[in-house]
Amino acid sequence: MKATVTPEAESAIVDISRRHGLSREAVLAMLLAVHAGGGTMAQFSLPELGGSGQWMRGGMTMVGNMFDNALKARVDALCGELAQLLSTTAVFPATTASSQFAGFTSDNWWPADLGVPSASGGQNDERYAVFPSTHRLAIQAKGVTRVFDTGEHRIGGVQQQQGGGPGSASFTSQLGTFDISSLRELGAQQVAESRTAAPQYQADSTPPAAPPTPEAASSTSENPATIIGAIESLAGLHQRGIVTDEEFTAKKAELLGRL
11 MKATVTPEAE SAIVDISRRH GLSREAVLAM LLAVHAGGGT MAQFSLPELG GSGQWMRGGM
71 TMVGNMFDNA LKARVDALCG ELAQLLSTTA VFPATTASSQ FAGFTSDNWW PADLGVPSAS
131 GGQNDERYAV FPSTHRLAIQ AKGVTRVFDT GEHRIGGVQQ QQGGGPGSAS FTSQLGTFDI
191 SSLRELGAQQ VAESRTAAPQ YQADSTPPAA PPTPEAASST SENPATIIGA IESLAGLHQR
251 GIVTDEEFTA KKAELLGRL
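The opening residue of the sequence shown carries number 11 in the working numbering; numbering runs sequentially from there.
Heads up, some of the hints might be wrong.
[As the list claims (entries may be wrong)] No more than 20 Å apart at the CA atoms, straight line, and that leaves these computed lysine to aspartate or glutamate pairs for EDC-like:
| id | residue 1 | residue 2 |
| --- | --- | --- |
| 1 | Lys-262 | Glu-242 |
| 2 | Lys-262 | Asp-78 |
| 3 | Lys-152 | Asp-189 |
[As the list claims (entries may be wrong)] Taking CB as the label site, the calculated pair distances span:
| id | residue 1 | residue 2 | range |
| --- | --- | --- | --- |
| 4 | Ala-122 | Ser-191 | 22 to 32 Å |
| 5 | Glu-58 | Gln-249 | 25 to 35 Å |
| 6 | Asn-79 | Val-154 | 45 to 55 Å |
Just so you know, the hints here were simulated from the structure itself, not pulled from any lab data. Source: prediction; values computed, not measured. Think of the CB as a built atom: it goes at the ideal place given N, C-alpha and C, for glycine as much as any other residue.
Make a model of the complete structure from these sequences and hints.
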């Protein structure tokens with residue numbers, strides 16, 4: 011399906027493609043990848059950017075040639091700018107956003123008050139939907155839908171154990187890997203207030219900063235929790251076969267060296 015974006019977003023995509031020396035199609039594809047990752051991570055396969063790779067906000071970037079630091083910096087800058095675009099601009103028309111990205115378009119099982127999910131899926135008789143704009147996570151198991159407050163988590167990945175049954179899903183954010191047992195479950199009235207309650211998180215936080223350049227990252231101390239979370243996310247990609255043993259070992263060593 012051809013992705014539809016708002017005129018404002020289209021103008022930004024064209025400008026970004028010009029400044030980064032990429033085609034509009036490549037920038038749009040990366041935008042969709044960042045969107046699918048909740049604005050905090052992306053998995054992509056773009057010839058213009060060296061083929062397959064992964065990006066995670068906070069400094070973890072992997073490309074086809076793991077030693078091409080210039081390409082890593084280029085991908086990091088691009089994804090950081092696209093994440094900022096997603097957080098400040100209405101990128102997708104409201105009438106088409108759910109049909110393009112929700113995943114369960116014919117039967118949206120989550121409460122309408124949560125908005126449009128950035129990612130959804132399911133297996134083992136369990137489904138999930140992530141709503142970064144309202145800081146909510148919806149889980150449906152055996153026909154029962156539960157909604158949780160994700161707080162400061164910016165969910166960028168999910169793992170579901172094959173044959174693990176309901177409750178087997180774990181999620182990855184900038185804070186590490188967690189499951190629903192660590193989240194606060196919301197009642198029906200709190201779910202209905204999600205759209206109006208969401209800005210309260212934003213009022214107490216500063217706008218997301220642009221990802222640091224490799225030079226800046228090496229010259230300043232980093233939050234150990236962020237680095238540990240990145241290692242846990244990397245381990246998840248390794249377990250799923252997305253990252254090779256060599257890539258996992260090299261990147262883990264690099265991250266540990268920042269502690």
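Status of the hints after comparison with the structure:
1. Distance check on the hinted pair: Lys-262 and Glu-242 sit about 9 Å apart at the alpha-carbon level, within 20 Å; holds.
2. Between Lys-262 and Asp-78 the CA atoms are separated by roughly 17 Å; this keeps the pair inside 20 Å, and the hint holds.
3. As the CA atoms of Lys-152 and Asp-189 are separated by approximately 18 Å, the hinted pair is consistent with the 20 Å bound.
4. Take Ala-122 and Ser-191: their Cβ atoms lie about 26 Å apart, and the range 22 to 32 Å holds.
5. Taken as a hint, the range 25 to 35 Å holds for the pair Glu-58 and Gln-249, whose Cβ atoms sit roughly 29 Å apart.
6. Range check, Asn-79 to Val-154: about 48 Å between beta-carbon atoms, so the 45 to 55 Å window is met.
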